[in-house]
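Peer 1: Could you build the full structure based on these sequences and the hints that come with them?
Same order as they appear, the protein sequences are chains A and B. The working numbering applies: residue 1 is where the first sequence begins, and numbers increase by one. The working numbering applies: residue 1 is where the second sequence begins, and numbers increase by one.
Do not take every clue at face value.
[Stated by the list, open to error] A partial selection of chain A residues facing chain B, derived with a Cβ cut-off under 8 Å:
id : residue
1  : W157
2  : A215
3  : Y304
4  : S314
5  : A444
6  : F445
[Claimed, not checked] Listed next, the in silico DSBU-like pairs over lysine-lysine satisfying Cα-Cα at most 30 Å (straight line):
id : chain 1 : residue 1 : chain 2 : residue 2
7  : A       : K289      : A       : K279
8  : B       : K58       : A       : K473
9  : B       : K428      : B       : K327
10 : B       : K315      : B       : K114
11 : A       : K192      : A       : K94
12 : A       : K192      : B       : K383
13 : A       : K324      : B       : K314
14 : A       : K234      : B       : K314
15 : B       : K315      : A       : K324
16 : A       : K123      : A       : K92
17 : A       : K317      : B       : K315
18 : A       : K470      : B       : K376
19 : B       : K428      : B       : K376
20 : A       : K283      : A       : K136
21 : A       : K470      : B       : K56
22 : A       : K437      : B       : K93
23 : B       : K314      : A       : K455
24 : A       : K324      : B       : K93
25 : B       : K315      : A       : K332
26 : B       : K246      : B       : K322
27 : B       : K52       : A       : K473
28 : B       : K390      : B       : K288
29 : A       : K234      : B       : K383
30 : A       : K473      : B       : K471
31 : B       : K24       : B       : K5
32 : A       : K470      : B       : K52
33 : A       : K283      : A       : K374
[Said to hold, decoys possible] Quick look at which bits of chain A chain B covers, simulated, 3 or more residues with Cβ under 8 Å:
id : region
34 : 2-13
35 : 158-170
36 : 186-192
37 : 251-262
38 : 466-476
Keep in mind that the hints were calculated from the coordinates and are not lab data. Idealized CB from N, CA, C, for every residue including glycine.
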Amino acid sequence: MIEKEKLVKIAGTSNVSYDRAQLDEYARDISFVNAVRPECVVKPTSTEIVQQLIKLANETATPLVPVSSGPPHFRGDTVPSIGGAVIVDMSKMKKIINVDRARRVAMVEPGVTFGELIAAAEKEGIRLNLPLLPRKSKTVIGSLLEREPVIMPKYQWDISDPLACVEVIFGSGDEFRTGQAAGPGTVAEQWKVGGVQKAPYGPGVASWHRIIQGAQGTMGIVTWASMRCELIPKAEEPFVVGADNYTTLLELASWLVRLRMVNECFILNSTNLAAIFAKKWTKDYQALKDALPTWILFYNVAGYEYLPEERVSSFIKDITDITKRLGVEAVKAIGGISANEILKTVQQPSEEPYWKLRYKGGCEDILFLTINDKLEGQISTMFDTVKKSGYPSSDVGVYIQPIVQGTGVHCEFNLFYDPANASEVNRVKNLNNAAVKALLTNGAFFSRPYGENSKMIMNRDAATISVLNKLKKMFDPNNVMNPGKVCF
Amino acid sequence: MALTKEQYKAFEDVVGAENISDDKAIMPAYYNTDFAAIILPGNTAEVQACVKLCNKFKRQFRPICTGWSGMFPKDLILLDLRRMNHIIEINEKNMYAVVEPYVISAELQAEVMKRGFNFCVKGAGTNCSAMLRGHGHLDQTTSGDDRNHLAIEWVTPEGEIVRSGALGSADEWFCGDGPGPSIRAILTSAVPPGVTPGVFTKAAVKLYHWPGPAAYPIQGHSPKYTLSEIPPNMMARYYSFPSVEKMWNAEIKLGENEICYELMGFNAAMVACNITTCNEEEEVVFAKMSKEVQGPGFFVIIGGNSRDDFEFKKKVLEQIVKENDGKSLKTVENPEIEGILLCQCTRISASIRETFRAGGAFNSIPIMGQRDLTIKWAIGAGKAKEPLIKKGLIVDDGGAFFGWGVEQGHLGKTEIFCKFDPQNAEAKKAVEDWQKEQSHRAFTERYFASTMGPQDEIGPALMNYNLWWNKIVHALDPNGVSPEGGALV
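Peer 2: In structure tokens form, the structure reads like this:
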């Protein structure tokens, strides 16, 4: 265990807390992982402090749990798995280091939220490829490191996008910069000659950022990251398409992404769209849900600097040929929600309260990746499991997101529940466990394993675990970084 | 050291007598090296068994597929993967193809074009392995470097079969990352100074929409093919600009507006070697074109998904070129030449003409990453070529460099090479000196660091990445049976 005096000496009195009430905030989250109160919380204000903390943790075999986003947390990855942990809360490192329109790149510290960066990027004429309606307190780096899906699949060339480079202090205490940021020279020296930190691969043959992404803080602590940004369009024309069956919508989405004709593009079921847009609960929510078709595809056609209107109209014409062939119709509003309103909404973080918590105050997400041909079977599996559990099928929110330019699909089931109701909590907890088990059997790929199910998920691939453990030993030889998470 | 009889028999038991040889007469057909044996495994299980035997006998091995390059010390066991030449799957809905190592790009491209797709064919040429990591002429719309692989099947140096991403967990190829941190971080190929130890036995690569025909209407005979007609909604042009700044401005605007199917920053010399069939003809055409161009330039292909899309792209292209005082090269407007370039620059079938034909050898400095930054450096590297050209030591290409935007200008690649006669010792030395000096200048002026340079100098300036990589290699290959330097080209 690290002595208090040493922590205070490194981070400063005001950045170290042993206050029980404050510690309790980190001891649990909305997920079903066991509550474990940390020993203390430290809020570093610089990379040097982070590095000293990690070195001290190695000397004292103290577990460190990095956190960047504010509450509420949903996945259990920021709750300590074992006692005696120090929470390393990065929320005080909030600098937007660089926003570069010409190179379409931004660089931020871990405490910067989406709302903060969106505003700064907009001033320069660029924007982020966002996840779907992140909560207000969610940090950009937290999302990038979790490989959260983004709503413009056309611009997601690789699953690691839009992450570009990171500076990380590995669990060993070594500092490392990935990709173009590695050098030669310091970041400041690179800027001087006109370099930015954008190319993600290297140095050398490895793509080091991929080891840090998806690791849930088990490899090290990221102290800044850069990300690719996209231009703000000059013209936008959003549409919605409703259907009773999502398969036609998925086919349409596949063509739109393949032909690169749309920017934002995703499918929601009526439960989720109503949860996002209902103004008065719960009366409006039910009415809105009733007015919507079961499945809704949203897409946005955009034009840039040159002849934007001409590009938009040419794409709309081509898309109409596809919708006609598929027997669906693209419209400007559905169930009283306009496509423009959807567009405006998804280009920002969620309004408060967070959309997933509006209905019942709690939400458990089941998320996985898959291919188009398997999705139908997996959705059926989920609803069969839901039926058996007694959870109301009509309360299951579904979000389908084409990923990586159409090479796969992110599927997410959102189970809304009342956290104050023990019976509802138990039902959702059991359903979550049963559904993950059933979906695994049906070929779902849980690329982001969280909480209680992570062992079940990781155990399916012993060969990969063996390699990951070799890497873990190198980057975090004393297992001080978030022990108990993923497979470590 | 040759294999013992017992060792030879053990490998023979795995692959069969017809797929192993230690005949000294066979070796030079591969490389000028005395291999311990050459073994041709036919599938992943055979590769695994061979690798396990290598560990058992403490014998070093090196896999090759199409074998364009590589360093091969004596006494290696060469695993020639030529029998592993199957296209395993083409998934049209999820836009990927799964290939074995000896599937060449031409084979895969012919199959996927029939289905309305293309993929990133590397600049090394269409005769190289389709699973190779790297960059190529199509990067503007097909990306490059390590960003096209999905799941990979990998036999580790200890003989374990690792299947990355969704393949290991769900038996699907569409994703190579996760669960948790991605081992794709270390699964890479053919980028010096080292490659991932072990053997890649299958890989999924991304496919991209192809707006062109299922097959080109080819006419003519080797070495001069052209198209009987330009496919609908396609066009190829070469534009030159009065300055590098104007060329770059046009290039980035075309990227930002998502106009080009291909944007290849060829210089006039590279256009000349593409459209000619011998050195003599090339010299004449280059001289003519040098007068026709006004400065640096690029070659573009636009492809529309419909007539309207094509017309829109054409209009924007013309506007951007005009705003930057660009000039279309009349030679390329000739449909015969346009057809040659359209075909060769999407099939990537002229790489040898561009590199080896003129001098017999070339030395190159390729840089991946930030295009505007590397262009700045390449201007100086081009000027440094001029004295060598004047002395007649290298082929006269006007001191030019080349390159292109990747992912519609988000990233980029710049390359500059000297073509020379490898029999001319003075030329060879001059080119090596030029390469060393210009790489060193890039390093000291903080443009980039060539990882082919001296590791004791480069490593510390790049976060000691080489020491981390060495640790990884040692952890994966405790018996040291899979030395670096292998090639999967």
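Peer 1: So, A/W157 near chain B? Judge it on the closest CB pair being under 8 Å.
Peer 2: This hint holds: A/W157 lies near chain B, its Cβ roughly 5 Å from the closest one there, short of 8 Å.
Peer 1: Starting from B/K428, check that the Cα of B/K376 is at most 30 Å away, please.
Peer 2: holds, 26 Å
Peer 1: Under the criterion that the straight-line Cα-Cα distance not exceed 30 Å, is the pair B/K246, B/K322 satisfied?
Peer 2: holds, 10 Å
Peer 1: Next pair to validate is A/K289 with A/K279; report whether the Cα-Cα distance is within 30 Å.
Peer 2: The hint holds at about 12 Å.
Peer 1: Check the hint pairing B/K314 with A/K455 against an upper bound of 30 Å on the C-alpha distance.
Peer 2: violated, 54 Å
Peer 1: Are A/K324 and B/K314 close enough, with their CA atoms no more than 30 Å apart?
Peer 2: holds, 27 Å
Peer 1: Per the coverage rule (Cβ-Cβ under 8 Å, at least three residues), is the region 466-476 of chain A covered by chain B?
Peer 2: With 7 residues in contact (Cβ-Cβ under 8 Å with chain B), the coverage given for the region 466-476 of chain A holds.
Peer 1: For the pair supplied as a hint, A/K473 and B/K471, confirm whether the alpha-carbon distance does not exceed 30 Å.
Peer 2: holds, 10 Å
Peer 1: Using a Cβ cutoff of 8 Å, are there at least 3 residues of the region 186-192 of chain A near chain B, or does the coverage claim fail?
Peer 2: holds (count 3)
Peer 1: Does the structure keep A/K123 and A/K92 at a Cα separation of 30 Å or less?
Peer 2: holds, 23 Å
Peer 1: CA of A/K324 to CA of B/K93, is that 30 Å or under?
Peer 2: With a Cα-Cα distance of about 19 Å, the restraint between A/K324 and B/K93 holds, given a limit of 30 Å.
Peer 1: Double-check A/F445 for me: the hint is only fine if its C-beta lies closer than 8 Å to a C-beta in chain B.
Peer 2: At 4 Å from the nearest chain B Cβ, A/F445 passes the 8 Å test, so the hint holds.
When held up to the earlier numbered hints, the structure conflicts with 9, 18, 23, 29, 33 and 34 and fits the remainder.
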